[in-house]
Every structure is written in structure tokens, then in C-alpha cells.
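There are 2 protein chains.
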Amino acid sequence: MVEIAILGFGTVGSGVAEVIDRNQKSIRRDFPVGIHVKYILDLRDFPDSPYADRVVHDIHTIIDDPEVEVVCETMGGKHPAYEFSRMALEAGKSVCTSNKELVDAIGGELAVIAKQHNCSYLFEASVGGGIPILRPLRTSFSQEFITDVMGILNGTTNYILTKMEKEGLSFETALRQAQDNGYAEKNPEADIEGYDPCRKIAILASLVTGGNVKFQQVPCEGITKIDTDDFRYAASLHRVVKLLGVCHHDQESDKVYVRTAPYLVPEGHPLYSVSDVYNAVLVHGNMVGDLMFYGSGAGKLPTASAVVSDVIECAWNRGRNVDIGLHNTDADLGDPESVKDVFFVRMDASEKDRAQMLFGGHVQEVKAEGVNGEFAFLTPEMTDREFTEKAAEFETLKKSIRLLQG
Amino acid sequence: MVEIAILGFGTVGSGVAEVIDRNQKSIRRDFPVGIHVKYILDLRDFPDSPYADRVVHDIHTIIDDPEVEVVCETMGGKHPAYEFSRMALEAGKSVCTSNKELVDAIGGELAVIAKQHNCSYLFEASVGGGIPILRPLRTSFSQEFITDVMGILNGTTNYILTKMEKEGLSFETALRQAQDNGYAEKNPEADIEGYDPCRKIAILASLVTGGNVKFQQVPCEGITKIDTDDFRYAASLHRVVKLLGVCHHDQESDKVYVRTAPYLVPEGHPLYSVSDVYNAVLVHGNMVGDLMFYGSGAGKLPTASAVVSDVIECAWNRGRNVDIGLHNTDADLGDPESVKDVFFVRMDASEKDRAQMLFGGHVQEVKAEGVNGEFAFLTPEMTDREFTEKAAEFETLKKSIRLLQG
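As you go down the protein sequences, you meet chains A and B in turn.
Under the numbering used here, think of the first position of the first sequence as 1, with each following residue one higher.
Under the numbering used here, think of the first position of the second sequence as 1, with each following residue one higher.
So here's chain A without its partners, still in its complex pose:
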């Protein structure tokens, strides 16, 4: 029996216990030794829980017990998750986590510590919830040069955007529905401002390039400025608004370009029909072409399932480090302002002539049913820097959204 400990008995932590209990038979088919939850660390007690007798309040009980081989860090936040993870790794215990904030901020350091102590630091659940994406990146694509990774990486915002698109709800109403349904937190900032998907694309970019990309280095735009008219315009372009994390790894320069922002995704694109709380990650390899991984990007059991898949991998690799590809060196970041895009722009109708002059005669006007008094258009392809300079000339510019190519 492989003994494990769960740090933090919240949604994901209790899910980990549930997956292990309910699917012990499945686990033993592939991993006959089985897995057992020996300790649960939490500040609280859970007297009515079947796990009541395993709850402990002192991390040292876990660290000092040589029987514990794997620790699931499902506390979230940086502290004390960092200190506890570090202590576990230094004691030779592998750590599996869903904590994207910690992975993004200090994951490279923890991965190095794991290597030094012949154990592993794994975090499949931190990106895409239950979707297996980090492990396939490591185990199935060594023979590929991955030029692009992009995806719908946040279920809450995808739910809100889907409601706005399909039911014509305002952003505020859709957000409230998401909160009522438990998909959005009371303080929804991390989701709607794009911080959560931004952390995830930073992690993906780090794994794809082999150098660390940090959240703070990635331009990040959320969905708070998206309105229902944007969806009307999008429909007339046969597109839909999606919040994407995008990462392009240039094969010639080896530089990596990362961004989180709303994009207009064209009909027929694999990400176009990913709706509701579902997530999807698109990977483009120079040999294999486009691949997409789709599934539940959040939720107690899917996320917990991904944590347990890491636990089993650690258990299989007892005494040896599983290198997921996170390193403690910096990625060679390209200048995101040098990336070329086509921009969809909305401004006051009175600016039409000036806009056509300044953006060149080649702007393509976009009309939407029921939206008046505006001039909306697509720019020619231009760099982010060039666009920002021109856009600054227009006080009435109320919106710009990038077009996703393909």
C-alpha cells in the first residue's frame, strides 16, 4: 500500500479522498499495491467525516512519518503551501498539486528540489482540470517542435461568454448566473480579469519551451469589457468571442510569445464549439499538426482525478524523479508588441473617415444587426505596437479584439 497525505481538505482535497475511495478497484487493476490516505492536514476538524480520525493539524506529523510517500498539496495559495511542499520534497516525498498559483510562481524551484531528492513535483491538475495535457506534452511530444499551444483555460469565463452568446445575456447577468451556479466565486476577479487562464498559459509556455514563463511577464486581458454587441458583430463575421491563452514558440528564433486576451475565433476552428464550463487545449506540432484536448476544466472530481493520476505516477516511480519539464531557468521571451494580428475595432461613427485614413484604406467595415451609431472594422494585419499607437489617436475607440487566425 502506498501511503499518502492530503494537505487541505477543501473541494479538491476532499475530491482526492473520494476518487481514491470510490475507485480503489480500478486503481488496483493497474497498480495492484493500492493507495491509502493516511493523513489529512487541515486547520479544521471534520468530526462527522469518515476521515475524522486521519485529520492532523501539524505538518510535521506527515513529514516525519517515513511511511508517507506522496503528499497532495490541495491548499491553494502560496503560503504555507510553498513551505509545506518544500519540506515534503526535502524529505523525499513526492508532491502532487492543483495549485497553479504556486506552480507558476515557484514551481521551477520545487521541481529542482524534487530532482535533488529523487522524488517528483507534479501538477497535471493545475492546467485544464481533469484534461490530461501536461503529461502528454512530456511523454508524447518529445519528437515534435511545438510551435503553438493555445486554449480555453478557464471554465467560468467560458460559461459567461457562452451565456452572452447563446442567450444574449449581459456580462453582469451572466456573471451572476455563474455565481449562482457555483461556477464563479463571490470575488470573481481571478477569472474575469484573466489571471487564472494567464497562469495556466504561463505554465504551458514554460513546459513547451523548457524555460520559465511567469504570469507577470504575460500581457493579460480579461472579459469585463466584452458586451453583447461584440457577439452580434462576431456573428456577422462567423466568429465567436472566446478568452484564450495563446503561446507561440518561433522555431527560427526560439523565442516565445505569450498572451491572454479575448479573441474572435472563426467557425470551423476546433475551439469554436467549446462551450459552457468546458476547457480545451490546442497543440500544434511541426510534424503532427493540430491536436486538441477537451474536457472538464474544473470541478471537484475531474480536478481530483488529475491529482490522483499524478499520485499513481509518483507511486510507480518510487525513488526516482519524474521530470515533467519545468526548469528553473528563464524562457527567451519575445516582445509581445511585435506580434502581428488583425484587430476588430469599434468606435464612434463620426470617426469613420479619420479611421479609414489612419488605418489605411484597406479597413474592412463590419456591420451588426441592431447596432447603430458606430463604425466597426477590421484593421489590416499589424503589430500590436503599431495598433496601440494608432488606436491612441481615437478617443471614442471603445473596443478592440484580436482575430484568431486559421
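I should point out that these hints are in silico values taken from the structure, not numbers from a laboratory.
Only a predicted model underlies this, so the values are computations on that prediction, with no experimental measurement involved.
Each hint should be verified, as a subset may be incorrect.
Which copy? The list can't say, so a pair holds if one copy fits it or any two copies do.
Stated by the list, open to error - Listed next, the in silico DSBU-like pairs over lysine-lysine satisfying Cα-Cα at most 30 Å (straight line):
1) K398 - K163
2) K367 - K166
3) K255 - K25
4) K214 - K38
5) K25 - K340
6) K115 - K255
7) K300 - K255
8) K25 - K300
Starting from the known structure of chain A, fit chain B onto it as the hints suggest.
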């Protein structure tokens, strides 16, 4: 350097050499030792190829060379692929293959031989081309009870069906276009009769259940009887016709139900918008819910890329067996005729009253624009056996297609 040999220098075999050559730098980032093609076995010579000096005609040159660690079997067919694979495994050389016919027929036996000789028999490329699906099934889902695996597993037929749906082409014209574009072979039987996707769902079913499911045990229906009117009816049901391999693993009885047939897939279902030559595999786990893996299901480089991913896994696991989960025991197959489905049925209009009587008053009539003289309807949910018995009563019954649920 890990030395490998390629058996059969056709499309996939030459693709393997190309992937290794072009992406040697990517390979060495993750696997610093690198991979080198030492031999290519073929009946032909390739005097103008850069590989001319590595071509050999005698399998013993490869088997007897202790430097060769991994053999890529990209010959196809059962013989001599089986004998050569067996010789390699018995010599302790791992075998990686795209040969679904061999994997389906004798893969369990070869997997056992690999285990006995501390090497591996891997076949990621045999299902879904470049899509990583077999490795994720093994490495990411041990904690799941997988209740369903289904998918669009054949690019040729999906291309034909997409052309029929979107351009209204007849089956014959669409097939000819597929042949002209190199997507279908001159003898397209294995694709259009469903044998190819049937082999693939048999392999998936074997891995999911841990017991062998053979091609011959799986009811198999192709797309040769699908006509453009079926797509008209499908559209009025907000569905589309797709050729699916489906596998249901019942958690209570542990029995597995497998079938290959055309299905009417509803709008909003993840498989609905998988078009052209793309493939997709949907996996349902009891904890993680629905997941989908999407990508190029065929083609020289995607398929070769999957073979090389197996080569790298073998190289990492030098001297030890990677158990992909194929065993030499039989699966507990359920009776496919006991599975309940809703059937879409077309027959002569004159049979309407009799059909309503025989199928119960609850049949739901289906109309399609421009199709006359027929009575088309959906049956109540019934077992396959019950449907077959009732259907036999109607001489003018020209079509029945199952509805995919969800």
C-alpha cells in the same frame, strides 16, 4: 545514441526517418542521447535516397546486431510483420508499430513476449494516427473506471461523410474525390466497410477492459448504404451522420459492448463538429467525465510522429517493459444485441400504418425537405434484437441508423 531499425520503407516508415532527421534537435532537448536510424529493411533498394546505404534485405542483419535497441514495424499486414516482430522482441529489442491489423490479431501475444524479454511492444500510431490516446489511457486514467470510449476513427470515411453532408455529393462521387486526393485507397473496402475503425475500437476496448477484444467479435457496419437523403433527415433532427466505433464498459457487470456503425450524432455533441479527415476519441471516466482527444487520424508525418513517440518511450525505459495494458486473455464481451438504442428508420410510405402498429404508437415521424414517398421515423428505445425482429417484417425498409445519445 539509440540505434533503431525501420521495417518497411513505405509511407509511414519513410515518415519515421523524416521525423527523426528533421526534429533531432527537439528530440535531444528531452532525450539528450538522440536517436539514429541504423537500418531500413525493405525488399526494394532506394539508390536515390539519402538512406540508400542503410537499406538491408535480410532481417537477420537487424536481429543479430546488438546495437539495435528498437525496431519500428511499419510494414503492415500480418506476415512477415508478425514473425519479424517476434524475432525482434525475443532478441530483447522493443517494437513500435502502426500496424493495427497485427495489433488486433496477435498484439496480446506479442505484448506478453515483450514482457518476458524486458522490452516493449508499443502501438500508439495504430489508433488515431498522431493523436496521443493509448499512452494517456495507460498513464492518466488508472484512477478512473472508463465507462465509454467512442470515436471517429477513420479519416477516409469521415472525409466522405463530410463531403456528402456539406456539399450534397453522392457517396460514389465523394469516394472518388477521396481517392483523387489520396485519402482513400484504390480498393477502399477496409475503410468504407468499416473494417479499419472496427480494428481500432477493438484495440481501444482491449486496453480499457484489460481483456482482448478481437475485430471478428465486433459487429461492423460501414457507410456504403448512406445516401444524401440520410443527411437531409439528419439535418431535420439537428444531427449528422458519423461512422463511429463505440465501446461501453458496464461498471456493474464488468461486461463490454463494442460496435462499429454509422450513428446520428446530435448538435452540441463534441463529435458533431469533427469534420474532414480529422479523428477524435471521446473517453468517459466515472470521475473525470467526458474528455475528447482530437487531431490528424492519418497521414505520413502524424502517424510517423506517434511511432517515434513510442521509440522515445522505449529508449527511456531501456531494459524494462512498458506495459501498455494489452493482455493475452479474453474480454468479457456482452451480447451486442441486448444493447438498447433508438433507431432512425426509412421505409416505403405505404407501410406507415403497419409500422406504427408494430413499433408501437410512439414512433416519432421524421420529415426531410425534398424527400417524398417514404415513411421515416424514430423508434422507441429498444434492444438491437427486438429491432431486428420487427424490422424483418418490412420488405421496403431501406435504412436504419442508430441515434447517439447525449
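Next item on the list: Against the earlier hints, flag every one the structure doesn't satisfy and list their numbers going up.
Entry: Violated hint (a single one): 4; every other hint is consistent with the structure.
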